[in-house]
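This is what each chain is made of:
Protein chains: 6
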Amino acid sequence: MGQASIGDILKEKEKEQMRNLVATQKKIIELKAGEKIDAFYLIKSFDVKKTTAGKQYIDINLVDKSGEINAKIWEYSKETDNLVSESSIVKVRGEVLEWNGTKQLKINKIRAKLPTETLKISELIPSAPVESSEMLQTIKMYVEKIEDVQIKLLVNNILDKYNTKLLYYPAAKKNHHSYMGGLLYHSMRMLQSGEKLGQIYKFLNMDYIFAGVILHDVCKILEMDSDEYGVVSDYTMEGKLLGHIIQGIKEIEIEGEKISIDREKSVILQHMVLSHHYEPEFGSPKKPMTPEAEILHFLDVIDARMFDFEHALQGVEPGSFTDKIWLLDNRNLYKQ
Amino acid sequence: MGQASIGDILKEKEKEQMRNLVATQKKIIELKAGEKIDAFYLIKSFDVKKTTAGKQYIDINLVDKSGEINAKIWEYSKETDNLVSESSIVKVRGEVLEWNGTKQLKINKIRAKLPTETLKISELIPSAPVESSEMLQTIKMYVEKIEDVQIKLLVNNILDKYNTKLLYYPAAKKNHHSYMGGLLYHSMRMLQSGEKLGQIYKFLNMDYIFAGVILHDVCKILEMDSDEYGVVSDYTMEGKLLGHIIQGIKEIEIEGEKISIDREKSVILQHMVLSHHYEPEFGSPKKPMTPEAEILHFLDVIDARMFDFEHALQGVEPGSFTDKIWLLDNRNLYKQ
Amino acid sequence: MGQASIGDILKEKEKEQMRNLVATQKKIIELKAGEKIDAFYLIKSFDVKKTTAGKQYIDINLVDKSGEINAKIWEYSKETDNLVSESSIVKVRGEVLEWNGTKQLKINKIRAKLPTETLKISELIPSAPVESSEMLQTIKMYVEKIEDVQIKLLVNNILDKYNTKLLYYPAAKKNHHSYMGGLLYHSMRMLQSGEKLGQIYKFLNMDYIFAGVILHDVCKILEMDSDEYGVVSDYTMEGKLLGHIIQGIKEIEIEGEKISIDREKSVILQHMVLSHHYEPEFGSPKKPMTPEAEILHFLDVIDARMFDFEHALQGVEPGSFTDKIWLLDNRNLYKQ
Amino acid sequence: MGQASIGDILKEKEKEQMRNLVATQKKIIELKAGEKIDAFYLIKSFDVKKTTAGKQYIDINLVDKSGEINAKIWEYSKETDNLVSESSIVKVRGEVLEWNGTKQLKINKIRAKLPTETLKISELIPSAPVESSEMLQTIKMYVEKIEDVQIKLLVNNILDKYNTKLLYYPAAKKNHHSYMGGLLYHSMRMLQSGEKLGQIYKFLNMDYIFAGVILHDVCKILEMDSDEYGVVSDYTMEGKLLGHIIQGIKEIEIEGEKISIDREKSVILQHMVLSHHYEPEFGSPKKPMTPEAEILHFLDVIDARMFDFEHALQGVEPGSFTDKIWLLDNRNLYKQ
Amino acid sequence: MGQASIGDILKEKEKEQMRNLVATQKKIIELKAGEKIDAFYLIKSFDVKKTTAGKQYIDINLVDKSGEINAKIWEYSKETDNLVSESSIVKVRGEVLEWNGTKQLKINKIRAKLPTETLKISELIPSAPVESSEMLQTIKMYVEKIEDVQIKLLVNNILDKYNTKLLYYPAAKKNHHSYMGGLLYHSMRMLQSGEKLGQIYKFLNMDYIFAGVILHDVCKILEMDSDEYGVVSDYTMEGKLLGHIIQGIKEIEIEGEKISIDREKSVILQHMVLSHHYEPEFGSPKKPMTPEAEILHFLDVIDARMFDFEHALQGVEPGSFTDKIWLLDNRNLYKQ
Amino acid sequence: MGQASIGDILKEKEKEQMRNLVATQKKIIELKAGEKIDAFYLIKSFDVKKTTAGKQYIDINLVDKSGEINAKIWEYSKETDNLVSESSIVKVRGEVLEWNGTKQLKINKIRAKLPTETLKISELIPSAPVESSEMLQTIKMYVEKIEDVQIKLLVNNILDKYNTKLLYYPAAKKNHHSYMGGLLYHSMRMLQSGEKLGQIYKFLNMDYIFAGVILHDVCKILEMDSDEYGVVSDYTMEGKLLGHIIQGIKEIEIEGEKISIDREKSVILQHMVLSHHYEPEFGSPKKPMTPEAEILHFLDVIDARMFDFEHALQGVEPGSFTDKIWLLDNRNLYKQ
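Chains as they are written, first to last, in the numbering used here: chain A, 1 to 336; chain B, 1 to 336; chain C, 1 to 336; chain D, 1 to 336; chain E, 1 to 336; chain F, 1 to 336.
Extracted from the complex, chain A is given alone in its bound form (with noise of 0.2 Å):
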C-alpha cells in the first residue's frame, strides 16, 4: 500500500542476491560421497593438527541450517590458518570423500566472504522453523487464555525476564531442538498438543497445562550458556551443580512470592516442574500427582520423541531402516 522506500528496495536487492548464493550451494545433509562443491558454510571450530607423519594440516567443522561436516585442509599454509576463525563465513571448494560411512570434505581452496557477498551467519545457523518471534507471539496467546490471573501474571512476568535470551536459546546443548529458538519452538509445539487434548480430556485444569509448559524448561536459559546463534558453549555452573528443573522450581516460588500468589497454586507449578522428568534416574524425584502434572510429561516427551523421529528419518530411502541411533536406544527406524 503506497511505494516502497529506497531502504526496502536495497534489502529486497539483498535478499535476492543472498537466495540465488544459497541456490547455487548445496545443504550440507544433501552432500553425497564424490561430489564437488564450491559453497559458503559457517565455521562452527577448528583446530590445527598433525598427521601421524609430523604434517600440520587444519581440521575444520562447517555447518549450515541442514548439518555438519567435517572438512580437512592438508595443505597447511600461515595464510590459510590466519583466514580461519570461528563463527566466520568461507567459501570452500573442494569433494566430498567418505570415511567408515561418515562424510567428510576435502577442502582444496577456501576463501573468505567478500563484503560484497550479502549472505548473513543468521541464514546459515541450524535453528527452528519458525520465526522466533512469531513463535513467542503465539507462546503468549496461550498466556492470554489462562483465566487465573495469579498465574497468568506469574507466567507473563518470567516470560518478560527472559524475553530477549529466549528468542534465541536452543532447548538443549546436543539432542532434540539444539538449534535457535529451539526452546520456545519445543514449548509451543506442547502448548499447541496440550490445548488439543484438553479437548478430550475435558476434567483437565488448562491454566495448569499452559502455565506448567511455558515454565518447565525455562531455566534452561539459566542452566545453560549459549550464544545469540543458539551454540551451548557449556552448562553453567549452577546448573551443573543444581540444574533446570531445581532452578525452575526456585524461579516460581521467588517470582511468585513478589507477585503473592497463593501458595497452592505455587507450590503445584513447582510440583509440575520437579515431575516432569517422570523418572527420579532422569532427575525427578517426584512423580506427577495431579492430571497436570502427568500431562505434561507427556506433551514433553512426545515433542521430544516426534523431533528426533522426524529428524533421523530424514533423507532415508522409504523401505529402508536409519543406523542404530543411540538417542532411541540404538532403535533402526524403519521410513515406510
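Calculated directly from the structure, the hints in this document are not laboratory data. Some hints could be false.
[To be verified] Which bits of chain A does chain C cover? Going by a derived footprint, with three or more residues having C-beta under 8 Å, they are: (1) 233 to 242; (2) 245 to 257; (3) 264 to 270; (4) 283 to 295.
[Said to hold, decoys possible] Below, simulated DSBU-like cross-link-like pairs (lysine-lysine); rule was C-alpha separation at most 35 Å, straight line: (5) E:K287 with F:K286; (6) E:K286 with D:K174; (7) A:K49 with F:K113; (8) A:K26 with A:K78; (9) E:K173 with E:K113; (10) F:K265 with C:K196; (11) A:K286 with C:K265; (12) E:K27 with E:K44; (13) E:K174 with E:K65; (14) B:K173 with E:K324; (15) E:K103 with C:K324; (16) D:K196 with D:K173; (17) A:K286 with B:K202; (18) E:K91 with E:K113; (19) E:K196 with D:K265; (20) C:K196 with F:K287; (21) E:K65 with E:K91; (22) C:K109 with C:K65; (23) B:K106 with C:K55; (24) B:K106 with E:K50; (25) E:K258 with C:K335.
Glycine included, C-beta positions come from ideal geometry on N, C-alpha and C.
Following the hints, position chains B, C, D, E and F against chain A.
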C-alpha cells in the same frame, strides 16, 4: 416429527419409573459410614461363611454403576440363602459401617426385586459413559478416514468379525477401563487424541495411526472371557500362553493375507501392535521403529493414565490427597 | 552452691515421686507373655471395634519411652469409652498375651491418672537421649566454628527461624530418629562425626561440612506436621508435592539472598542438600560434586544405620539373631 | 562294492590335490606375529582407503575355516584393485604383524587362484563340524520319534518348506553358531541333549521337546538374509520389525491351521517358541508355563554357552586365561 | 534262597498291618471339602489359641508324606491338650472344610496312636522317592568314575565326613527338595544329567563335573540344622553369617590341603562352588570361568525347576492352569 | 647426638644431589602444552610402532611420582631402541604437545641416567605420602589396642605372615590407592577414622573394628601380583577364580584354627570380610549383620572416595569443574 407410538410411550414411562427408583437410592461410591440405606443393588458374588465362633452368615459383594461394597447378613436363614444369587437385583435395607478404613454394609433386610420394579441389570452395571453403539459408529467414522484401501478393508473386516463382542468387552480384567464397553471407549478416545496430535505433527501417516489404534487391543477379545456385562471371569488358555499382543499380530497376518494386503503394510501394522507396550517387561520385545508406532504407545498410555487419574480423584475433597494408589506406583494424588 | 529454693525442693519431691511411680511400672519393651501388670502408659491412639460376632470392644495403642503395645478392653462400657482419649495418661491393670509372636495386653481395669499423680506426658514420650536444649547448644557451638562469616550468618538465621520447632521435631515420621528431639540428635551426632573425619581428611572444608549437616534436613520441619511430642500426624501438602530436599534448597536460596551471600557459597550449600540422598531413586537427582557433599552423605547414612542397628539389637540375647528387619533389607542382625 | 568310476577317481584326485594345498597353508587362527605366509584365503570384504597422508591402499578381510584376519596392501595399483573382489579366492604372500594385540597381515604379493588350483570356496568357508545333509537326516530321525501324528506332520511340513535353506543357514549373524550349517548343528545338539534329559525327567512329553527344539529357531531363515555360505548380510525388513520369535509363532499358527491341528497343540508349540528366550529383555514376553517350554530354554542356552566356551578356549595354553569375552559378560575363561 | 527267619516273618506282618492302616486312610493332598475322615497323621506343630470371643481352642498342623493341613479342635479340654505334642502320631476323626480356598480340618475326635498300631514316624514323613542308602550308593558309583586320584580322594573324604547326615538332610529349608533325603536326591539327579550331557559335549572334563556336583551343596549340612526327618528348624549361626557356598569353599580348601591336592585342582573346585548360583544377587560373586562350572550351574537349576514344575502340576486337571506360583515368578503353569 | 659417621655424610650428600636433580625437573602432573622440558623420568612401558605410512617410531610411557605421560620418539634408531628398556631411568629433552585434550611428550633427545647421577627408581615411583615402615608401625599400634587376646594374636600372625609384601603392595591394580604402599595407607586411614567414629558410636566393639579393617583387604596380596614398586602386572590365578574376599575368609579360618580361636570370633571376622563390599554385584553375597561389619563398609568406601576426590581435584582451578570422571559415575567435580 409425527406421533409417538404406544410402545414408545410405555418405554418412556418405564424409564421415568426407573429414574425415580434410582433417584431415591444412594450410589455406592457416595455411601458414608453411619448412614442408613434402602436401595437396589446387583449381587456380584456371595458366599456363606462362618464366624470363628461357628455361626453362619452371608457375605455379599454388591455393585452399582458407581462402585462396589462388601455386605454382611449376620442372621442366616435358609430363605435368605435361597434369595441370594449371582447377577440378581435385590433391595437391601441396612447400615453403613467402617472397618479399618473400609466401608461395609450391615444388611438388616433383603428382598428380591419385584417384577413390577422395572430396574434392569444393565442399569446397575458399571459401563463406559457413552453408548456402545454410538462409540462403534464413531470408530467406524475414523475407519472411513483411512485413505489406503487395503488398510481400510483390513480394519473393517476385523471390526466386523468382533462386532458383537466389541459392544460389551472391557479393556481389561482389572484396572483402567475394566467395565462394559471399556474397549470401545478406550479406542475411541485414542482415535480422537491421535487425530488431534496429527494436526501438530503433520508428517505422521494418519492411516497407520487410525488402523493401529483400532487394532492394538482388539484381541483382548480373544485374550479374556467376558460376559455380556463386561465382567471378565478369567483369561483364556491362549490368552495366558500367548497374550493379546501376539494374538493381534496373528490376526493381522491372517486377515491381511485373506485380502492380499501388501506385505509391508501388514508387517508395519503388526509391528505397531507388537511394540505398543514399549518396554520388554510390559510385553513388547521390540520398541517402536516408526513414528506412528511411537505415537500409538503414547496415545495408549495417556488414555489409561487419564482414566486412572480421573477415577482416583473422584470424590476427593479439594486441597487433599488420595490414599496411595498401587496402580500409579503408590502415588498419593492431589486434588487441587 | 548456696541454698535450694522452696520451688527447687518441691520440684525435687515431684521428681522423686515420679521416679517411684516409674520404678514400680514395667517398661513396655520388657513385658513378657504371661506377666500381670499394673502401670501408667500414654494412649497413642484408640478405636472402638466389633468382634466378628458383633460384640463391641476397645482397641488401644499404649506407649511409654521404651516402645509401644497394642491392648484390648473386651468388656465395653460407655464409661470406659469416655475415659479413653488420645494423649491422655491412664493406669491399666491386665495381662500380657502373645498372638502369633506379637505381644498384646488384655486390660482388665483402666482408670485415668489422678491429678495427685505427678507423672507428665513428656516422661512417657519416646525422645532423644539428650535434652533438646543441650543439643541445640552443642549445635550452636559448631556454628561458632564456621569461619566464613556469610555462611555462619546464614546458618544462624535459619536456626533461629526454626528455633522452637527444632526442640521437638523428630527426624522422620517412621524409622530412624522418629522421636521427640530426633532431628536435633541426628544433626548433632553428624556434626560430631564430621568434625572427627575432618581430622583425618584434612583437605575438607569444615565450614561447608558444619553448615551442610545443619541444613541438610532442617526443612523436615516444613515437610511434616509434628505435634510438640515429636509425633508426626502427616506430611504437609508442600512436603508431599516437593519434599524436604527441595524445600531446603529454596530456604537457602531465599535466606541467602536476604544476607547477600556470595552466589557460589549459596549454590554449593544447595547442592549439598540436593545430593545428600546420593541416589536418584532416594530423592537426589544430582550426585555429590564436592568432597564435602560426598562426606555429608556418608555422615547421614552412618548415623541412620547406627541408630537402626543399636535399636534393633536392644534386648537381643548375645549369640542370637534378630528377626528380619525390613528397614535393613530384611537382614537378620547378629548380637555377638 | 564294484569298481570306482572315472568320475570318482577324478574327484578323488581333486580332493588329494586340495588336501595338499591346504596342508601347505597356515590356518588363520594359528598365524603368529613375525611369520611369513604364502597361502590361499577367501576375500570376505574389502575397501580402498587412504592414509592420513593421502596415499591409497587396499584394506581386506580374509577368512578361512578357522577364522578371520585383516590385511593391508600398502602399494596400491589399478591391477591389484581389479583382482580383489568379494567371495573370490586369492593366494597371498606376506608377513604377520601385531598391532595393539591384534594380528594383521601385510600383503606383499597377491594373485587370483588359477583355474587349475582346485580349492573350492566351500573349503574355506567356516561351517559346522558335521555335514549338513547328515545333520538334516539326524533331525528327521528325531521327527520320526514324535508319536503325535499331528505334531509330527506339522514339523515335517515346516522342515520341508525350508529344506534347502536349512542346509546352509547359520544360527546367528554374529556370535554362537554363526557359520554355514550352524542352525542345523545347534538344533541337532539340542535334540540330542533333550533326549538325554528326557531319560532323567521322565514326566516330560518328548513330542513337545522334539518339536519345540526343531521349531524354536527355524524362522531365523525368515529373519536374516544369508547367502549359501552362511554369511548373513543383514536382517530382513520383517526380521527387524518383528523378529524370528514372532515369525515362528505365525508359522506354527498358519501351518497348523492348514493341517487342522488341535488348537491346544498349536498354542502350546507357539508358547514354547514365544517363551524360549526366557527374559522379556531378551525377547520373550511370557515365561515358560509348561515343563517342556522350560527345558527348551535350557537346552538352547546350554548349547550356545558350550559353543562359546569351547570356541573361546581353543588355542589357549593350559593354566592361563582368555582375554575378557564380551559375549560372556566380560569373563576371562580359564583353561585347566 | 533259604528260609525266612522268625524276625523276618514278624517284620513282614508288621509291614502288612501298616499297609492296611495306610490303605484305609486318606492322603492329605487328596482331601476334599465336605469329606469325613478317620486317619493317622503326624503333628508337625500346634498352638493353643483363643477366638476373638475369648474361647480356647487348639490349632494343629498335621502332615503325612503327601502334604500338610491345618486343623482345629474347637472344644478345648485339658486332656486333649496333654495328648497333643510335636512329632507324635495321632488318629483323628473329623470333617474337611474350605476357608477362602484353603482346606482345613475340623477335628471331632483325636487319640494317640496305640502301641499296637505299628505305623512309624518315618512312614508319614515327606521324603525323596528313592531310599537314601540306595541314593548314596549311586553317588559313590559316580565317585568311582572320577579318574583323577586326588579329586576322587577329596570327594570320598568329604562324603565320609558327612555320611550320616547326608542320609536325611533336605536340600533346602523350604522350596525344592525340602524333604528327607532331598540333598541326596538332588545331587543324584544332577550327576545323572551331567553324565548324559557329557556325552554330547565331549570336551567337558567329567572329573570336575562329578566332583563339582557332589560338593556344590554339601555344606548345606553346615548351613542348616535339620532333624533326622529332614525338617529344618533354622539356619546355623555360621550358615547365616557366611552361607553354604562360602562354607563349601573352606571345606574344599581344608580337606584338600590335608591330602596335599594340587593347588590348581582345589581352586578350580572352589571356583565351581563359588560360581554355581551364577548371579551375584543369588550368592555367586564370580561367574563360571570354566565350562564345567558353567554346566554345573545349569544342572543345578534344571533339577530345581523340574522339581518345582512336577510338584506344581501334581493333581492339576489337564487343560487347566495352576494358581500363581510365587517360586516361579508368579507364573500360572499349564497342564496339557 | 654425637658425630655423624662418614657413611651418614655421604648419604646426606647423595640426598642433596638428588634434591637438586629433582628441583630442576618438572613434575609430570604440572607439564603444560608448549613447554620445553629436560628431566629424568622412569620408563613404565614402551613399544616400537609404525605410522600408517610405515615409518618406525618409539612409543613410551613415562612416569614420576606425580603421574604418567605418553611420549613419542619419531626418529627411530637402533641405538635409541637399545637404550629404551622397562623400569630404567632416562633423561629426556623435548616439548609438551596437546592432542585432543591429552598431553603428549615429543622427545628430541634421550639418554640413560649416568651412574654418577644418584636418582633412584624409588624416588620416581608413585607411592603413599607416608613411609611404609611408619605406616606399618601405626597399624601395629592399633593391633595393640585390641583387648581380646585371641583376636589380637590372629591379626598379629597374619600381619607377620605378609610383613614384607605389605611394605609395597598397592590397594588396587588401578583406581584408588594403586601405588606403592597403598594397601598400608588405605588400612591406616581406615583405622584412624574407625577409632574416631568409635568415640561417637560408643556401643561399637573396637576389637572387631580394628581387626576387621586390617584383615578386610589383606589378601589383595594373594589376589594380585605386584612388583616391589607397587606395580601390579596381573591378578593371580586364584585371585581371578576366587578373589580377595574369599581368600581373606579362608585365611582367617585357617589361621584362626591354628590358634584355636573361639569359633564365634573367627566367623564374625570372616563375615566382616565377606560383607564389606556391601552389594552382591560388588562381590559381597551377604550384607553386614553386625554394626562393626556395617561400619567397616563405610570406612572403606569413605577412604576410597576421599582419595578419588582429592586426586581428581588436584590442579583444578578454583571455580571450575573437572572432566567427567568415569570412576565416580561420570561426575564432573567442582573445585570451590
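The hints, checked one at a time:
Taking a C-beta to C-beta cut-off of 8 Å, the segment 233 to 242 of chain A contributes 5 residues in contact with chain C, enough for the three needed, and the coverage statement holds. Here the segment 245 to 257 of chain A counts 6 residues with a CB under 8 Å from a CB of chain C, which clears the bar of 3, and the coverage holds. Restraint check on the segment 264 to 270 of chain A versus chain C: 4 residues with Cβ-Cβ distances below 8 Å, three needed, restraint holds. Requiring three or more residues with a Cβ within less than 8 Å of a Cβ of chain C, the coverage given for the segment 283 to 295 of chain A holds, as 5 such residues are present.
For the suggested pair E:K287 and F:K286, the alpha carbons sit about 17 Å apart, so the restraint of at most 35 Å is met. At roughly 26 Å between alpha-carbon atoms, E:K286 and D:K174 fall within 35 Å of each other, so this suggested pair holds. Distance hint between A:K49 and F:K113 is fulfilled; the C-alpha atoms sit about 33 Å from each other, no more than 35 Å. Distance check on the hinted pair: A:K26 and A:K78 sit about 28 Å apart at the alpha-carbon level, within 35 Å; holds.
For the given pair, E:K173 sits about 28 Å from E:K113 by alpha-carbon distance, which is consistent with the 35 Å threshold. Taking the CA atoms of F:K265 and C:K196, the gap is near 29 Å; set against the 35 Å cutoff, the hint holds. Of the pairs offered as hints, the one joining A:K286 and C:K265 holds, with about 27 Å between alpha carbons and a cut-off of 35 Å not exceeded. Our distance criterion of 35 Å between C-alpha atoms is met by E:K27 and E:K44, whose separation comes to about 16 Å.
About 15 Å separates the Cα atoms of E:K174 and E:K65, which keeps this hinted pair within 35 Å; it holds. Between B:K173 and E:K324, the direct Cα distance comes to roughly 16 Å. Compliance with the 35 Å bound is thereby established for this hinted pair. For the proposed pair E:K103 and C:K324, the alpha carbon gap of about 29 Å is at most 35 Å, so the pair holds. Pair hint D:K196 plus D:K173 holds up; C-alpha atoms about 29 Å apart against a cutoff of 35 Å.
Among the hinted pairs, A:K286 with B:K202 is consistent with the structure: their alpha-carbon atoms are about 33 Å apart, no more than 35 Å. At roughly 6 Å between alpha-carbon atoms, E:K91 and E:K113 fall within 35 Å of each other, so this suggested pair holds. In summary, the hint linking E:K196 to D:K265 is supported, as the alpha carbons are separated by about 29 Å, within the 35 Å threshold. For the hint linking C:K196 to F:K287, the alpha-carbon distance of about 26 Å falls within 35 Å, and the restraint holds.
About 15 Å separates the Cα atoms of E:K65 and E:K91, which keeps this hinted pair within 35 Å; it holds. Between C:K109 and C:K65 the alpha-carbon distance is near 22 Å, which keeps this suggested pair within the 35 Å criterion. With a C-alpha separation of about 14 Å, the suggested pairing of B:K106 with C:K55 holds against the 35 Å cut-off. The suggested pairing of B:K106 with E:K50 holds, with an alpha-carbon distance near 26 Å, which does not exceed 35 Å.
With a CA separation close to 34 Å, the supplied pair E:K258 and C:K335 stays within the 35 Å bound.
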